[in-house]
Amino acid sequence: MNVTRRRFLKICATGLGSSSVVALGFPVTKAQAEVRAFKLARSSETRNTCPYCSVSCGLIMHSLGDRAKNAESSIFHIEGDPDHPVNRGTLCPKGAGLVDFIHSPNRLKYPEYRAAGSDRWQRISWDEAFARVARWMKDDRDRNFLAKNAAGATVNRWLTTGFLAASASSNEAGYLTHKVIRNLGVLAFDNQARV
Amino acid sequence: MTNHWVDIKNANVIIVMGGNAAEAHPCGFKWVTEAKAHNQATLVVIDPRFTRSASVADLYAPVRTGTDIAFLGGVINYLLSKDRIQHEYVKSYTNASFLVAEGFTFEDGLFSGYDAGGRKYDRSTWAYQMGPDGYALVDETLQHPRCVFQLMKQHFSRYTPEAVSNICGTPRETFLKVCEIIATTSVPDRTLTFLYALGWTQHSTGSQIIRTAAMVQLLLGNIGMAGGGVNALRGHSNIQGLTDLGLLSDLLPGYLTLPREQETDFKAYLDKRSIKPLRPGQMSYWQNYPKFHVSLMKSWYGAAATKENNFCFDWLPKLDKVYDILQVFELMAQGQLNGYFCQGFNPLAAVPNKAKLVKALSKLKYLVVIDPLATETSCFWENHGEYHDVDSAKISTEVLRLPSTCFAEENGSLTNSGRWLQWHYQGARPPGEAKADTEIMAGIFLKIRELYRKEGGPFPDAIANLTWNYQIPAAPSPEELAMEYNGKALEDLTDPKDPTKVILKKGQQLDGFGQLKDDGSTACGCWIYSGAWTEKGNLMARRDNSDPSGLGNTLNWGFAWPANRRVLYNRASCDTTGKPWDPKRKLVYWDGAKWAGADVPDLKPDAAPADGMGPFIMQAEGVGRLFALDKMAEGPFPEHYEPFETPIDTNPLHPKVISNPAARVFRGDADEFGKGQQYPYAATTYRLTEHFHYWTKHTRLSSIMQPEQFVEIGEELAREKGIRGGDKVRVWSHRGSIKAVAVVTKRIRPLKVNGKTVHHVGIPIHWGFKGVARKGYLANVLTPFVGDANTQTPEFKSFLVNLEKA
Numbered sequence: 036m037n038v039t040r041r042r043f044l045k046i047c048a049t050g051l052g053s054s055s056v057v058a059l060g061f062p063v064t065k066a067q068a069e070v071r072a073f074k075l076a077r078s079s080e081t082r083n084t085c086p087y088c089s090v091s092c093g094l095i096m097h098s099l100g101d102r103a104k105n106a107e108s109s110i111f112h113i114e115g116d117p118d119h120p121v122n123r124g125t126l127c128p129k130g131a132g133l134v135d136f137i138h139s140p141n142r143l144k145y146p147e148y149r150a151a152g153s154d155r156w157q158r159i160s161w162d163e164a165f166a167r168v169a170r171w172m173k174d175d176r177d178r179n180f181l182a183k184n185a186a187g188a189t190v191n192r193w194l195t196t197g198f199l200a201a202s203a204s205s206n207e208a209g210y211l212t213h214k215v216i217r218n219l220g221v222l223a224f225d226n227q228a229r230v
Numbered sequence: 035m036t037n038h039w040v041d042i043k044n045a046n047v048i049i050v051m052g053g054n055a056a057e058a059h060p061c062g063f064k065w066v067t068e069a070k071a072h073n074q075a076t077l078v079v080i081d082p083r084f085t086r087s088a089s090v091a092d093l094y095a096p097v098r099t100g101t102d103i104a105f106l107g108g109v110i111n112y113l114l115s116k117d118r119i120q121h122e123y124v125k126s127y128t129n130a131s132f133l134v135a136e137g138f139t140f141e142d143g144l145f146s147g148y149d150a151g152g153r154k155y156d157r158s159t160w161a162y163q164m165g166p167d168g169y170a171l172v173d174e175t176l177q178h179p180r181c182v183f184q185l186m187k188q189h190f191s192r193y194t195p196e197a198v199s200n201i202c203g204t205p206r207e208t209f210l211k212v213c214e215i216i217a218t219t220s221v222p223d224r225t226l227t228f229l230y231a232l233g234w235t236q237h238s239t240g241s242q243i244i245r246t247a248a249m250v251q252l253l254l255g256n257i258g259m260a261g262g263g264v265n266a267l268r269g270h271s272n273i274q275g276l277t278d279l280g281l282l283s284d285l286l287p288g289y290l291t292l293p294r295e296q297e298t299d300f301k302a303y304l305d306k307r308s309i310k311p312l313r314p315g316q317m318s319y320w321q322n323y324p325k326f327h328v329s330l331m332k333s334w335y336g337a338a339a340t341k342e343n344n345f346c347f348d349w350l351p352k353l354d355k356v357y358d359i360l361q362v363f364e365l366m367a368q369g370q371l372n373g374y375f376c377q378g379f380n381p382l383a384a385v386p387n388k389a390k391l392v393k394a395l396s397k398l399k400y401l402v403v404i405d406p407l408a409t410e411t412s413c414f415w416e417n418h419g420e421y422h423d424v425d426s427a428k429i430s431t432e433v434l435r436l437p438s439t440c441f442a443e444e445n446g447s448l449t450n451s452g453r454w455l456q457w458h459y460q461g462a463r464p465p466g467e468a469k470a471d472t473e474i475m476a477g478i479f480l481k482i483r484e485l486y487r488k489e490g491g492p493f494p495d496a497i498a499n500l501t502w503n504y505q506i507p508a509a510p511s512p513e514e515l516a517m518e519y520n521g522k523a524l525e526d527l528t529d530p531k532d533p534t535k536v537i538l539k540k541g542q543q544l545d546g547f548g549q550l551k552d553d554g555s556t557a558c559g560c561w562i563y564s565g566a567w568t569e570k571g572n573l574m575a576r577r578d579n580s581d582p583s584g585l586g587n588t589l590n591w592g593f594a595w596p597a598n599r600r601v602l603y604n605r606a607s608c609d610t611t612g613k614p615w616d617p618k619r620k621l622v623y624w625d626g627a628k629w630a631g632a633d634v635p636d637l638k639p640d641a642a643p644a645d646g647m648g649p650f651i652m653q654a655e656g657v658g659r660l661f662a663l664d665k666m667a668e669g670p671f672p673e674h675y676e677p678f679e680t681p682i683d684t685n686p687l688h689p690k691v692i693s694n695p696a697a698r699v700f701r702g703d704a705d706e707f708g709k710g711q712q713y714p715y716a717a718t719t720y721r722l723t724e725h726f727h728y729w730t731k732h733t734r735l736s737s738i739m740q741p742e743q744f745v746e747i748g749e750e751l752a753r754e755k756g757i758r759g760g761d762k763v764r765v766w767s768h769r770g771s772i773k774a775v776a777v778v779t780k781r782i783r784p785l786k787v788n789g790k791t792v793h794h795v796g797i798p799i800h801w802g803f804k805g806v807a808r809k810g811y812l813a814n815v816l817t818p819f820v821g822d823a824n825t826q827t828p829e830f831k832s833f834l835v836n837l838e839k840a
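These protein sequence lines are chains A and B, in that order. Heads up, the first sequence is in the numbering used here, so the first residue is 36 and it goes up one at a time. Heads up, the second sequence is in the numbering used here, so the first residue is 35 and it goes up one at a time.
With the rest of the complex left out, here is chain B (with noise of 0.2 angstroms):
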């Protein structure tokens, strides 16, 4: 999130789609319900399903799954045909001035540079025009034909009212109401909250789906205003950390990225990231990656990186591609891989096309499980009949099974949606032997240390030197490992405006990462962090929840990254000048000697609004960009690309460009997509308010709630089939088949689609063959292996099923 839970109650306009936070996040939805009622908000809902946040919505509006791109597209066409944009924002704080190279195209669905046979782009013309001085040109009027203004306005103008409607099935006054409802808050004192979740990332367009939202929040002002922004609901109690953390297949903590095997040169490295300022006077935070980098080594290494061996660059492992879960399971299918482990995750039940999955996991030789409960993916060689049929003799897959401690066995630290990092407490043992993850982490570390020091073997350094200080060396503490990722001084650190005054002595927590140096003397494990446990303590310990500008941001509560900040891009609620946009909305303001208010202002304390340093101190231009440059797979503005599987088998608006064209599919994959003749369902997967993923059908109470696997169909789709509510139906795509009990409701309605009728088909995820509850099938058994260009996050949302009465 942008912004924080709280902070949803700010809000003018709340916008729910790809999400269903009224069921999905019910604790958080309630500051939904208080933006309602107190703050008179309007809340609309976006979604094929009439879910129950469309229940207490204002305006529902029905959409095709797969297709927000098309619906945000037709909102950004709205907004600028109609001008009701925030000008001076726009013009202020966004690359709308930016002139493009002028080899930069987009014709029949595809920009410039298009490689069809890698399946990816050639990005080189994503890119601005440069001045002599080396800074990207502007026009501020907005009028070059070849601003990044009139380029988007060009774009977005084929997304018309009816093009929308025609492509998601949206009836066309419902979407104008939805674009008026939008178009109110681009005055300076309205504001628009974006809620999303997994119904926005699980496709293969899913990242730009994002970024058009993004580009409306631009357009209207409202990122880094209270109340704005663009927020992920996020699934996991700490998924939000774990991507902090860095645990992806080409990231370190805190956001750092690992080498690619390109990149030899240590300098060349940092100098690539260490990104220089697109336009003068811009703070460009990333200009000081060096020091996050060298203290990470630091961190790890200890005194073993020195300036000499580059900080131990080499150890580091470097990318010849990313290693995401279906390029792994890509990998494993082949029988390229040996061995898995799988720390509190169950791929088996979360990762697409089940069938596939089996097949993989039964090629390696090791598989390692460490979890609380008996997973499927642990007992992926026992045979449950119709649920899990395999033969357990002709798998030769050797498995180990680690019970771990839950939430309530430990102490620790989680961070939610809101980047709050919060500190908990053990109120009891774990049952039998189970061991805490950081005991079996250097449980098994310790037992390899030792093998490498008896045995030897390749590269064993990074293993002998890694550090290890911890009291316990078997069992590291929650405390020793968040001082640790806090960082601390290893010399005596002094103030850089008078460098006799000592401001922290060797071996001292750090305030946060502002203090970071380049050049050995400071350790940090996840810079982002830093400013969680200080000298003054664990802050995120802290449990002071008043809140005195009545925005929501209690301070003294828990810690924020970075530096505590509660809503990012805060510099952006004040204009140029450094008064806040809407003075009933506080959250910074330029008090004539540095920048002040309820937040944690995000920019140099000291940056005189006169200087004109822009708000988004992460980006080269310090502005928030509505052309992307080339940091996304797809294009630099968003364009609609139907899901892999379409119920229309064509593209509206290209028919030769029908599904996103930098899509990563295997060779296998491609084979087991289905068409719309033959699947001719719309199929979308979701969750239960009662249920969370694949856990809770192992407690008593939530089995008891939902206890049987079902699907959701409409009474249309059930009338044409025969189907009435509680029959066993049949579904399959063209990967596999399960069985379920089909509930008939009136939330699932026909939508009408390029001349076509197209119904949905709802398939809640919770069943398995493991659990309390009665067993079910994966829904994995359907859905395509696939994912986003950019993330790789798969399709989940939108495939293709059949159905029919079992």
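Just chain A, same shape as in the assembly (with noise of 0.2 angstroms):
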């Protein structure tokens, strides 16, 4: 008995029971083979860019979820964009496992803090973090900023604390990270541009 996939979806519909599939005439693993949906069929596809070096391969991103406001997305599998003129839809070793660098279990899920001398961490809120931050920030800097050298020349620098920033985040973070941080009075400010 030959059964198209189309037939065989219209057997069940007409009401057979799953324990009659054998009476079919035909393999159970087969028939489950035919049924299984393509996994990207139902996706929803984000267009986005390889964070690890600078080729910058387009990525669709497939995801769960409608990006209804009550269903929550989750990537689930990420491929080369055949769109983008420089990778055209390839990617490495790297990029082909992105999807792991999303739902690492090492990713950070909340604010902590880790006490002097002390061996673990402590959860805190954002609150307590942006709060405590500043406090050691405004201490620092009150202490420490120089408004004029001894040659008398208005220099308004804080040079006791410095700053490290990202290259992997986007140019809009890094435009607003240099405002903040220079408009502080920080010259030790450096990104991974050396290293």
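No lab work stands behind these hints, which were simulated from the structure alone. Certain hints may be false.
[Claimed, not checked] The calculated label-pair distances, taken between Cβ atoms and stated as ranges, are:
1. B:Asn503 / A:Arg102: 26 to 34 angstroms
2. A:Gln157 / B:Arg758: 45 to 53 angstroms
3. A:Arg102 / B:Asp581: 27 to 35 angstroms
4. A:Arg102 / B:Lys570: 22 to 30 angstroms
No experiment lies behind these values; they were computed from the predicted model shown. We treat Cβ as the ideally placed atom computed from N, Cα and C, and that holds for glycine.
Hints given; two lone chains; assemble the complex.
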């Protein structure tokens, strides 16, 4: 008996129980393989850029959920964007494993604090975290800000706190970071350009 | 990159040196394959290891790590002595004809003006001879004994094939074959591209290595050409963007520079940077510096920046020196820093000499780490046995760790190595309570501003007046920020040729940096990014991949800085009359009235060729510099200096000046350098195709593919040491020791250098004490704390180790 996928579905739909499938006279495993839907068929697609090296391959990220407000998206597959003029749909071994980066067990989820001499983290709220960082910074800046140098020239610099910026963050984050950090008077400012 | 990824397909010769694109940039390397398959290109790989790039090369040349200047200097000598250069290009588009000041000399490894005590040069003699009209003197016959061409010839005459082979360990015949292949591109219709990465930058002479390559390209007439250029294959997805945006100690966005503390006068600050032409009729585009600078100040301070207060010039911090990462960790180790922030940066792994870094971080009062992942830096106080042996109880640094989003959880743009800004979109929410970097910076800033409002404190002006007109102050949107760095009109802007015609109304987005003003009527956060988000919308999000010229320039895909130009200096792809050197590669051309073509012309659009405006518009001379004037720390011509740890303990060219005389070495670090007798093997760090820096050890798939730390050695060294593949070995430098599995290969062969056999040891960097891969040692346990004299990029690629079976 030769049953096409379409006809098989039709038979099921007309009310045959699953136990009756055996009676159809073909292996069940084959039938199950036939009905499995393409895993990307119902995913939502989002265009993105690989965050690793600066070939900056175009990506298509596939997520579950239709972007409705009450449906939480979860990315389950990433592949190269075939329209992208540089990578033309390909990804390297690193990029091919990107979905594991998003879902790495080592992703940080909450602000945490480690006290002096302690051997553990403790979870804190964002409010506490921002308040603590701002207090540290202001106390240090107030004590060590240099408005004028020995020659009496206005220098408005703060040398006792430094900042390393992320070269995987977006231009927008980078621009805002520069704007904030420089205007506190920080000169010990760097990014991965050197390493 | 002067050019871009797809443009590699236009090359006739591809040199991969100081990089390993097949493994580190695999999807970019497809354009090398494309050039080989469809443009009959020749691929040459020059590397201490027979890499996967080498495995598909037409010619592989081994070279000792840290000797690239000697190799390329030898190429220059070959081109000059055999007269294989692009004569018209060299004469018209380089400073070969310029006369050099009489005081300039080079003797026994040192240029004129050396101060041995300060390890630096007085560079005043590294200059042109100037005429009474204020312009530099030239000799177009290139015969004058003081012209750059003649001095260059003399300088590089020492780099004979024999000298190169002796220093680099490259067989003489192989070296000459490379020279011959390179020389084939000196004709106008063949081009060569150099592809490099950290294998050139991470040396104490890194900047000069790259400069030497640029000189080779100028001599061959390959800069500005499709399939030409000097192309940095950068390491991080937005390292180009962060550099462009000036997140470095001494920069402001768009390669503007922070004032030094001696620069107290605003007008003098601007004048010094508004560089006047050194030859008649040249553009010298930096003359527009005041427009870029004032527009940035308006962007940051809004109405508070006025002509009367010099647009808040005093508010900018003034430099006493450059606080690069090595300088900062040195100060931290001395206890001079109290606080440190690491935003998506893992310095405990990424800066040399781990022992010094742990000591330094332990002296901080507070450390704030902003990262999507649990990095080693955030956990530097945790004990991880042999891999990281510290006593938590003795470390009093308070640490805060703030979870940030990753690429998939935000909108925004990244700038690729080819200067393309490309927009990406959020696909999912971040895990737990993680926030975007923008929100975290806003959260910190708003809290500080509130504290200064309540409590007061020193100089609150720049904090209180910083423009912050975002719809949701605690979460500035990427779209708002992109519009801010593009810039807008603060008044109605009129056409300079017809003042009655308004070209932009107050509040409208600028079309590009050509509209910037120095009177405060425009705001722009990063002038070179102007044009990315205009009244037409977000040009970085464009997705038209059509390529009508076939050269791969896709002008309607994303946005490339500057001005959507895809190949820098493309005016140089034409002869002096405006006709393309190669009719098959027509990037731009003079159509009789204006510059037209398949790229955005890199010249004033209506500058007639007869007027002689040179193609290098950012330079005061309008031409490319074979002689670098005073722009480089260690000399106007590149010179071979040995790595600070050299297996031959001498410099065959000048034994009294072994290593870079202008490189900064901190006192304690000099004592930690090893000598060849104790540490006989030349070590070099490198990356694997399965891993990305210290991130992918946190991802399952990469950790399955390359689970365990190893070092790579050649068969000869393995035999000498009684090591078999799979044995555990101990590798140590003067700074520390690691254990790893030995991989014994044919890919690393011993080299004959200065009468001695030199073995290399390859050290992949991807392991650490955090992650889902097996624990390993951070490779920077071994590496020396010294950097390039110009950029302070650490010398990760050349140092000394010893090894034994563990």
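Results of checking the hints against the structure:
For B:Asn503 paired with A:Arg102, a C-beta distance near 29 angstroms keeps the hint of 26 to 34 angstroms intact. A C-beta distance of roughly 48 angstroms is found between A:Gln157 and B:Arg758, which places it inside the suggested range of 45 to 53 angstroms. Here the CB-CB span from A:Arg102 to B:Asp581 is close to 32 angstroms, well matched to the stated 27 to 35 angstroms. Evaluation of the 22 to 30 angstroms hint for A:Arg102 and B:Lys570 yields a pass: the beta carbon distance comes to about 26 angstroms.
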